[in-house]
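Novice: Below, each chain spelled out in residue letters.
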Amino acid sequence: MNKKAYYGEYGGQFVSESLMNTLDEIDRAFEEAIKDPAFIKEYQYYLKQYVGRETPLYYAGRLSEKYGTKIYLKREDLNHTGAHKINNVLGQILLAKRMGKTKVIAETGAGQHGVATATGAALFNMECTVYMGSEDVKRQALNVMRMEMLGAKVVSVESGSNTLKDATNEAIRTWAKTAEDTFYIIGSAIGPYPYPKMVKEFQACISREAKKQHFEAEGRLPDVVMACVGGGSNSIGMFADFIDEKEVELIGIEAAGKGVDTEEHAASMAKGRPGVLHGTRSYLLQDEDGNIQLAHSISAGLDYPGVGPEHAYLHDTGRAKYVPITDDEAMEALMELTRLEGIIPAIESAHAVAYAFKKAKEMTKDQSMIICLSGRGDKDLNTISSYFKGEGYLN
Amino acid sequence: MNRIEKRMEELKQNNEKAFITYITAGLPDMGRTAEIIKAQEGITDVIELGIPFSDPTADGPVIQQASYEAIQNGATLKKTFALMDELRRGGCEQPVVFMMYYNTILNYGIADFVTKCRETGVDGLIVPDLPIEEQDLLRDALKGDDTTLMIELVSPVSKDRIPGILSGARGFVYCVSSMGVTGQAADFHREVVSYLSKVKEQSHIPVMMGFGIREASDVRPMKDIIDGCIVGSYFIKIMRENGFDAKAAKEYASRFKKELNEL
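Heads up: the protein sequence lines correspond to chains A and B, in order.
Positions 2 to 396 (our numbering) are the ones given, in order, by the first sequence.
Positions 598 to 860 (our numbering) are the ones given, in order, by the second sequence.
Excised from the complex, chain A in its bound form:
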């Protein structure tokens, strides 16, 4: 057992033999890169000049007043391409370049990670292929167009449930075939080691900035930090610098879809069991035979039947708490934030906002919380429109 690949009993490297040397190469290149000041400098340059970091930590005054506690929003929605995904893509693509790879591949569900990868590939002149379930290709047509405009090839995956899980399967298969010249850019805090570690490292800018910004505003640490959790990339980035600050409460919000007691949810911690999928051991939604079940959420970005291994570890050790929020609760919060603050959040991020309103009830007006607003809602307008027309939702 490769101990460093584990977070407690979660994580590992459950991939075919043909990828083991590749993972080892990536691990060594990554560890070297993050200790190399030239690499860090280049990465920081692009985060600042291209992505637009640092992002604001916005004090949401009207929400704070209404809910009776200080509510801060970490504005990842203001990043170039509209979400936190680009932070990680730029880190991994610079690493790919450093390793001499000429092609990148990625999986995508809602299309945000695909768009971010296609963007990075255009910027660094790399050939890019994005795998996307055929169901998602249909319901995220605008993001498909964005990726194609950026020069990426979008492969519509017809296999299994035709969604993110199957797109990830297909990306792994392609990677196993082409790893000699191709770098697989994983967007979630999942996958075989060192991917969960890389994604955390490249998303940790979220909490590093937020911690500093909160100090500037309040002169202390926040009481609560929260973020939505699908695979768990924005949340691990939001938690990273607070994990060792034991007095800060960490809360991850899972998608409960139509309710955790229905068949249609994506709450892998609330309702799943540990198992192995996509190279890592973590909580998974699975049936009695160990086949992976379909996840359901109105938000395509949370529509994944597993969760990153470090989250499973934080869950079991009690360092972070994970709670479910339903589609209806998320949509109500989305409208509340839109009307009170003039910010249309991604439906993913609205899950965190919805729980914040509940949490605020047990907090005082002098306490404060940070919500990671991981993305903007422009991509979701079709889904939002059909939801409010009562047409059900596209997912």
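These aren't lab readings, by the way, just hints derived from the structure by calculation.
As the structure is a computational prediction, the values presented were derived from the model and not from experiment.
It cannot be assumed that every hint is accurate.
What the hints assert, rightly or not - DSSO-like cross-link-like pairs, simulated, lysine-lysine; straight-line CA separation at most 27 Å: (1) B:K614 x B:K603; (2) A:K178 x B:K740; (3) B:K603 x A:K104; (4) A:K178 x B:K676; (5) B:K676 x A:K272; (6) A:K178 x B:K756; (7) A:K98 x B:K756; (8) A:K178 x B:K603; (9) B:K834 x A:K5; (10) B:K820 x A:K178; (11) A:K5 x B:K756; (12) A:K4 x B:K756; (13) A:K272 x A:K362; (14) A:K4 x B:K740; (15) B:K820 x A:K272.
Unchecked claim - Computed footprint of chain B on chain A; a stretch qualifies when at least three of its residues, placed anywhere within it, have a C-beta under 8 Å from a C-beta of chain B: (16) 27–35; (17) 173–186; (18) 330–341.
A virtual CB, placed ideally from N, CA and C, is assigned to each residue, including glycine.
Mind docking chain B on chain A? Use the hints.
Specialist: Here is chain B on its own, set in the frame of chain A:
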């Protein structure tokens, strides 16, 4: 003695190459899977029996589809154990290895799984998403009894990992002919001959080649290196074309095995 090791020893004595076919358990149903296995007795040396899984990341389209259909038709690990039990009780001595993904084992429980493999006469396990670094738990459970062996996979890019893989390997070593997944038509890795030679030099057990093989002639370039070969996706294709008729399995296997030993 383990059935696979016994068969490998017999082949060595007779100076013959081994032939292995792959079939997905429960495609189209467990009854016909049993017939297809029984029809190959005395011809095919080892049956690789695929346990269907929802997310088969090491498999190409043919086995993905086979897996998907088998699950839709109700195939499970439990039912496959029942099938093994029935075959062994009926006197079938055909060596059988399970090809399966690790989550299916974890879900069943490693200790219970190993006990059941021994009870029902599963001779070996191929777990494509379980590289040697992650095998500790399963290997610990398999220790002390030779009924069920862990079968190791080697890939064209394994390079300096080969000695480590071979050191604990038993039965035979499964050499993947190409990068990637099962069922890509005879498009072997460009360095396949030199890589197979390297494995053969270092291996104390027979070396089998699999992935992308259709006819015996496909392995002619490496006939002096390998000890046998495995046909998976193409075998499923033949089964489909013949309505899963066990006679077709027997005919294909007989012809392949004969040609393989005449190369």
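Novice: Compare the structure with each hint and give your call.
Specialist: Hint check:
1. Straight-line distance between C-alpha atoms of K614 of chain B and K603 of chain B comes to about 14 Å, which keeps the hinted pair within the 27 Å bound.
2. For the proposed pair K178 of chain A and K740 of chain B, the alpha carbon gap of about 33 Å is over 27 Å, so the pair is violated.
3. For the hint pairing K603 of chain B with K104 of chain A, the CA-to-CA distance comes to about 47 Å; that exceeds 27 Å, so the pair is violated.
4. With a C-alpha separation of about 33 Å, the suggested pairing of K178 of chain A with K676 of chain B is violated against the 27 Å cut-off.
5. As the CA atoms of K676 of chain B and K272 of chain A are separated by approximately 26 Å, the hinted pair is consistent with the 27 Å bound.
6. Pair hint K178 of chain A plus K756 of chain B holds up; C-alpha atoms about 16 Å apart against a cutoff of 27 Å.
7. Only pairs whose Cα atoms come within 27 Å are accepted, and K98 of chain A paired with K756 of chain B is accepted, the gap being roughly 24 Å.
8. A distance of roughly 34 Å separates the Cα atoms of K178 of chain A and K603 of chain B; the hinted pair therefore is violated under the 27 Å criterion.
9. Among the hinted pairs, K834 of chain B with K5 of chain A is inconsistent with the structure: their alpha-carbon atoms are about 42 Å apart, more than 27 Å.
10. Proximity of K820 of chain B to K178 of chain A is assessed by CA-CA distance (about 24 Å); at most 27 Å being required, the pair is judged to hold.
11. About 23 Å separates the Cα atoms of K5 of chain A and K756 of chain B, which keeps this hinted pair within 27 Å; it holds.
12. A threshold of 27 Å between alpha carbons decides the hint, and for K4 of chain A with K756 of chain B the separation of about 23 Å falls inside it, so the pair holds.
13. Straight-line distance between C-alpha atoms of K272 of chain A and K362 of chain A comes to about 26 Å, which keeps the hinted pair within the 27 Å bound.
14. Distance hint between K4 of chain A and K740 of chain B is fulfilled; the C-alpha atoms sit about 22 Å from each other, no more than 27 Å.
15. At most 27 Å may separate the alpha-carbon atoms for a hinted pair to count; K820 of chain B and K272 of chain A exceed this at roughly 52 Å.
16. Here's how the region 27–35 of chain A fares: 0 of its residues keep a CB closer than 8 Å to some CB of chain B, so the rule of at least three is not met and the hint is violated.
17. Under a criterion of three residues with beta carbons nearer than 8 Å to beta carbons of chain B, the stated coverage of the region 173–186 of chain A is upheld, 8 such residues being counted.
18. Given a C-beta distance limit of less than 8 Å, the hint that chain B covers the region 330–341 of chain A is violated, as 0 residues qualify and 3 are needed.
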